[in-house]
Amino acid sequence: MQNRTLEIGVGLFLLAGILALLLLALRVSGLSPSPSTETYKLYAYFDNIAGLTVRAKVTMAGVTIGKVTAIDLDRDSFTGRVTMQLEKRVDNLPTDSTASILTAGLLGEKYIGISVGGEETLLKEGGTIHDTQSSLVLEDLIGKFLLNTVSKDAK
Amino acid sequence: MSADNAYAVELKGVTFKRGARSIFNNVDIRIPRGKVTGIMGPSGCGKTTLLRLMGAQLRPSKGEVWVNGQNLPKLSRSDLFDARKHMGVLFQSGALFTDLDVFENVAFPLRVHTELPEEMIRDIVLLKLQAVGLRGAIDLMPEELSGGMKRRVALARAIALDPQILMYDEPFVGQDPIAMGVLVRLIRLLNDALGITSIVVSHDLAETASIADYIYVVGEGKVLGQGTPQELMNSQEPRIRQFMTGEPDGPVAYHFPATDYRADLLGKR
Amino acid sequence: MRKTSLLERIRRFGHAGIDVLAAFGRSTIFLFHALLGRGGIGGGFGLLVKQLHSVGVMSLVIIVVSGVFIGMVLALQGFNILSSYGSEQAVGQMVALTLLRELGPVVTALLFAGRAGSALTAEIGNMKSTEQLSSLEMIGVDPLKYIIAPRLWAGFISLPVLAMIFSVVGIWGGSWVAVDWLGVYEGSYWSNMQNSVTFTDDVLNGIIKSVVFAFVVTWIAVFQGYDCEPTSEGISRATTKTVVYASLAVLGLDFILTALMFGDF
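Order-wise, the sequence lines are chains A, B and C. Heads up: the first sequence begins at 1 in this note's numbering, then just goes up one per residue. Heads up: the second sequence begins at 1 in this note's numbering, then just goes up one per residue. Heads up: the third sequence begins at 1 in this note's numbering, then just goes up one per residue.
Hints were generated in silico from the structure; no laboratory data involved. Treat each hint with caution, since some may be false.
What the hints assert, rightly or not - With a Cα cut of at most 30 Å, we get these calculated DSSO-like pairs of lysine-lysine:
1) B/LYS62 x B/LYS222
2) C/LYS50 x B/LYS85
3) A/LYS41 x A/LYS110
4) C/LYS241 x B/LYS17
Values in this document were obtained by computation on a predicted structure and should not be read as measured data.
Can you build the whole structure from these sequences, using the hints too?
If you want it as structure tokens, here you go:
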């Protein structure tokens with residue numbers, strides 16, 4: 001009967017919509033049904049955080065272990081304070097680890113890479129990474145390059 | 001104050017304005033119960049507006065509309081819904097629901113207003129269609145029907161709930177002689193057989209006069225005259241005379257108002 | 001020849017402006033009566049299904065075909081432009097973001113206004129001119145609930161669904177062009193896309209946009225049909241108005257929504 005085909009058609013239509021939504025969620029935006037892992041907070045102070053944004057990745061050895069949750073200016077030291085949430089299972093970072101702001105690819109976005117130090121004491125919840133390397137600013141690079149060439153010519 | 005039992009519909013002091021224009025000014029019309037009453041007049045005089053006022057599709061700016069002892073403009077939504085059970089309307093174009101077949105069209109009012117079981121609905125639909133002579137067309141879609149057949153199905157739908165008042169909006173427009181004859185016969189037959197009150201709005205003089213018991217002639221925002229068809233034929237009132245005899249020139253002038261003819265021809269144009 | 005004085009022109013202009021305001025007011029009251037108040041959706045679930053079919057399912061073909069083609073063109077053009085920066089690998093995220101944030105909701109809404117919107121206006125206008133709406137009233141059924149409400153809800157539901165389908169087929173179409181034809185590495189097409197497309201920012205915002213568009217387009221389409229002059233000329237004028245007003249509204253709202261969602265407020 002005509003009514004049945006209509007209903008089946010509409011049902012398939014709505015099903016296609018839900019399927020599209022799922023596809024968009026999983027395959028296109030990479031939303032992964034990951035269990036909400038426990039995290040702990042770390043701070044890091046940078047002279048220049050240029051280009052780093054909230055929600056940027058925090059990686060170690062290229063593996064994502066957390067993300068940036070806040071960026072603000074520290075009034076007293078006039079440096080940028082970055083707040084990060086790291087996965088609890090990576091809780092064995094020595095206190096002298098380094099945090100650097102790196103660029104993904106040539107035009108890519110900024111992210112934070114952490115490299116381990118050698119100390120025995122470990123960073124805990126609310127701890128601070130003191131050894132930091134700021135974002136590479138293009139103008140400084142060009143300046144450095146020119147300075148080098150000038151001093152070479154001067155020799 | 002409820003209406004007289006002799007009158008099914010009463011318009012008392014009804015004024016209807018559309019914007020600044022006054023379509024009707026202090027009109028009094030009484031439709032006698034159980035009879036066929038015609039409402040006639042020149043085009044654009046607002047005959048259809050009168051029907052809509054009677055059916056409470058429009059509200060009068062002033063005055064009362066009494067139908068079956070109820071003042072319609074004052075009714076609540078649900079009371080109006082119930083009142084509609086007792087009125088049937090046949091619109092000019094039939095107005096069948098194009099996505100439903102003939103059976104579903106006629107059954108529609110039954111489904112809306114009653115909780116009758118399917119078999120009963122089927123019986124009633126068959127009855128009504130038989131009355132208008134279209135029982136065989138029960139499974140057709142409206143687009144498969146001729147104009148005249150559409151109107152007859154619409155009529156079957158209008159009487160589905162056995163209303164006390166039937167209103168016909170220009171039923172004779174554009175019909176061939178046979179279809180015309182069928183309709184004229186049906187209107188009179190239904191009125192007498194079912195004991196209902198019929199109101200026919202039309203400007204078809206011959207047809208209406210042949211079946212109406214009483215006629216109202218309306219124009220210029222008021223009732224120009226009323227009476228039995230015979231009385232109106234003998235009327236000396238100029239506007240009614242012009243309407244009844246179809247004189248091209250009279251109170252309704254032939255020429256649209258314009259400046260002096262000579263001046264127009266000889267002057268600058 | 002009649003000379004219209006300046007005063008006359010100003011008067012007419014003001015009159016037209018008041019007409020627009022009056023129409024807007026009417027359409028709001030109309031919407032209110034159709035969606036709220038007792039009666040729910042007249043005709044029940046069955047009528048809604050019927051409308052979903054005629055409004056949503058019937059629009060599928062044009063949406064899917066357009067989606068595929070637009071996705072393919074995006075990939076093609078994107079590849080061209082990105083290769084001058086040596087960033088061809090980013091074509092995946094470019095196609096996905098463009099579709100999800102902008103083209104998906106907007107183009108689907110425009111196509112919907114043209115296909116389903118004009119059909120709704122014509123259908124309702126036709127019902128008005130053949131006095132079917134008056135008949136319903138006289139039988140005691142509220143045409144706003146029985147005819148208008150199911151069509152409104154059908155539009156509200158269908159357009160977001162269509163927009164999502166549009167984006168999905170567009171992204172797939174883009175992948176055929178980028179991966180199979182232009183030689184972009186399949187892995188990078190998808191992984192770059194997954195890395196840069198966020199569910200909350202991009203997918204969800206796109207869906208919110210298409211819901212807003214659905215509301216506006218269906219409302220305009222249905223009102224124009226209900227409010228039109230009950231003549232054939234009136235109906236054709238109303239259909240044109242639906243397409244024009246709906247399209248302008250979609251584009252205008254898109255700017256406002258984009259500014260709110262992706263601007264930095």
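Violated hints - listed by number, lowest first: As far as the earlier hints go, not one is violated by this structure.
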